[in-house]
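Generate coordinates for the entire structure from the input sequences, incorporating the hints supplied.
As you go down the protein sequences, you meet chains A and B in turn.
Note that our numbering numbers the first sequence so that position 238 is 238, with each residue one more than the last.
Note that our numbering numbers the second sequence so that position 76 is 337, with each residue one more than the last.
Which bits of chain B does chain A cover? Going by a derived footprint, with three or more residues having C-beta under 8 Å, they are:
| id | stretch |
| --- | --- |
| 1 | 327 to 337 |
| 2 | 340 to 353 |
| 3 | 361 to 374 |
| 4 | 408 to 415 |
Okay, derived cross-link-like pairs now, DSBU-like style, lysine-lysine, Cα gap no bigger than 30 Å in a straight line:
| id | chain 1 | residue 1 | chain 2 | residue 2 |
| --- | --- | --- | --- | --- |
| 5 | B | Lys329 | A | Lys175 |
| 6 | B | Lys416 | A | Lys175 |
| 7 | A | Lys175 | B | Lys364 |
These are calculated hints, taken from the structure and not from any lab test.
Glycine residues also receive a C-beta, built at the ideal position from the N, C-alpha and C atoms.
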Amino acid sequence: MTTDVEAIDAALQHRAERGRFPWWLVVMLAIIGWLGSLVFFDERFTDARTFILPGLVITIRATLFAFALAVVIGLVAGLGRISRFTPVRHLCITYVEFIRGVPILVLILMVAFVVIPPIFEAVGLANRLSFEMRAVLSLALIYGGYIAEVFRAGIESVPPGQAEAGRSLGLTQGKTMRYIVLPQAIRNVLPALGNDFISMLKDSSLLTLLGVGEITHKSRLYSGSSFKYPEAFLTITFLYLCMTLVLSLVVRAVSRRLDRG
Amino acid sequence: MEVKGLHKWFGKVHAVDGVNLRVNVGEVMIIVGPSGSGKSTVLRCMNHLEVPTSGAVYLDGVHLEDPKVEINAVRREVGMVFQQFNLFPHRTVLNNITLALIKVRGWSREEAESIAMEQLQRVGIPEQAHKKPAQLSGGQQQRVAIARSLAMNPKVMLFDEPTSALDPEMIKEVLDVMRALAASGMTMVVVSHEMGFAREVGSRLVMMDFGQIVEEGPVGEMFANPQHPRTQEFFSKIL
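Right, here's the structure in full:
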């Protein structure tokens with residue numbers, strides 16, 4: 001009888017291990033490998049590659065600047081969203097709901113062409129306003145709204161007893177937030193922020209509308225003039241996949257570490 | 262410390278229904294009663310974690326609900342120990358204690374750490390100073406929480422069911438710390454069901470039910486000769 005039990009145990013364990021194995025990752029790597037071999041070793045892709053690749057700098061730079069700005073906006077709006085002061089709270093809720101109610105594509109056009117130019121004009125910087133700046137500011141304002149909700153949820157995930165302990169030691173509300181609640185909240189929201197960074201990297205493709213020369217814009221320019229659609233679009237697919245896969249593996253590793261405590 | 266005509270409504274629930282209390286210096290007041298009787302709410306009103314619907318709480322004659330009163334200044338003088346410890350999980354034991362000393366009292370890190378170590382000695386776990394709370398047992402965590410409150414040198418310590426979340430074998434180490442604290446003359450208000458502790462350490466016992474004080478008196482008398490039928494019934498069930 002014991003041998004039967006052992007055999008069953010072994011079979012169960014085998015099945016569990018097979019279920020844990022990241023087959024999806026193998027398939028993804030195979031796809032990326034195939035695309036990569038086309039982009040780098042197929043002669044038909046050489047022109048597309050040399051034309052599009054420099055756009056990567058703009059894609060990455062715009063995403064990094066916009067994300068840093070969005071985190072600041074999101075933190076402020078997220079704190080404002082739970083503020084005791086009614087006007088502040090409602091102002092922040094309005095901002096968040098407005099952003100979430102309009103498609104990102106439309107918001108980019110709106111912010112870049114309607115909202116930002118008069119502001120720059122008013123402060124006398126109209127001639128310094130580049131399209132990349134418009135792109136960064138519009139992405140930042142849009143993601144600020146989404147990240148505000150991430151921070152709000154993170155703050156609310158900290159047990160109320162933590163703030164009570166801080167307040168009962170005589171810390172002010174501001175200091176309780178800064179030294180006790182926020183450090184724990186930020187830790188809780190790191191994975192969500194990482195996912196928003198990935199989303200933003202992908203949404204930077206929408207900046208093609210502003211013609212800032214990021215990779216999607218470059219690929220449309222290339223395909224438009226050469227009619228080589230597969231070369232153009234497989235190349236950027238490859239580039240986006242490489243970046244997002246690496247980032248999503250990082251986010252997974254970070255959240256696993258956080259879960260372990 | 263004095264509580265006058267305290268009422269607290271949570272929505273339609275009348276949690277505290279006209280409570281008057283007086284805690285004298287050096288006294289250990291024990292509040293008992295069934296769950297939902299409002300005893301924790303009374304305690305939480307004593308450092309303004311709950312805002313009374315009506316009535317007043319005075320500490321040294323200062324009215325806590327007075328909008329001119331700086332509530333953070335009052336809270337510095339009132340220590341609070343929670344059922345769930347509420348240690349800050351992202352900070353070491355030592356930094357749990359030094360935080361308020363540095364950010365509220367404005368002390369230097371060295372001063373704060375020396376006081377913190379002194380308090381950890383007092384609760385008997387100085388060797389745990391550099392661990393994170395999660396690495397400690399429940400009893401040790403609660404002792405750190407007590408040390409954290411004591412470091413602020415409060416005039417009165419409030420305990421909200423300090424041993425209810427602990428495993429039985431850890432209850433004693435926490436009660437021992439509280440016993441020593443009472444012996445040192447600290448004014449304490451304790452919500453607890455530890456009747457042995459109440460009998461030994463308490464000076465006055467308050468029995469609450471349905472948000473009201475049913476009976477109160479010196480601990481000895483209350484145990485020996487409870488007057489109110491509700492108190493008699495309660496004691497017969499838990500003693």
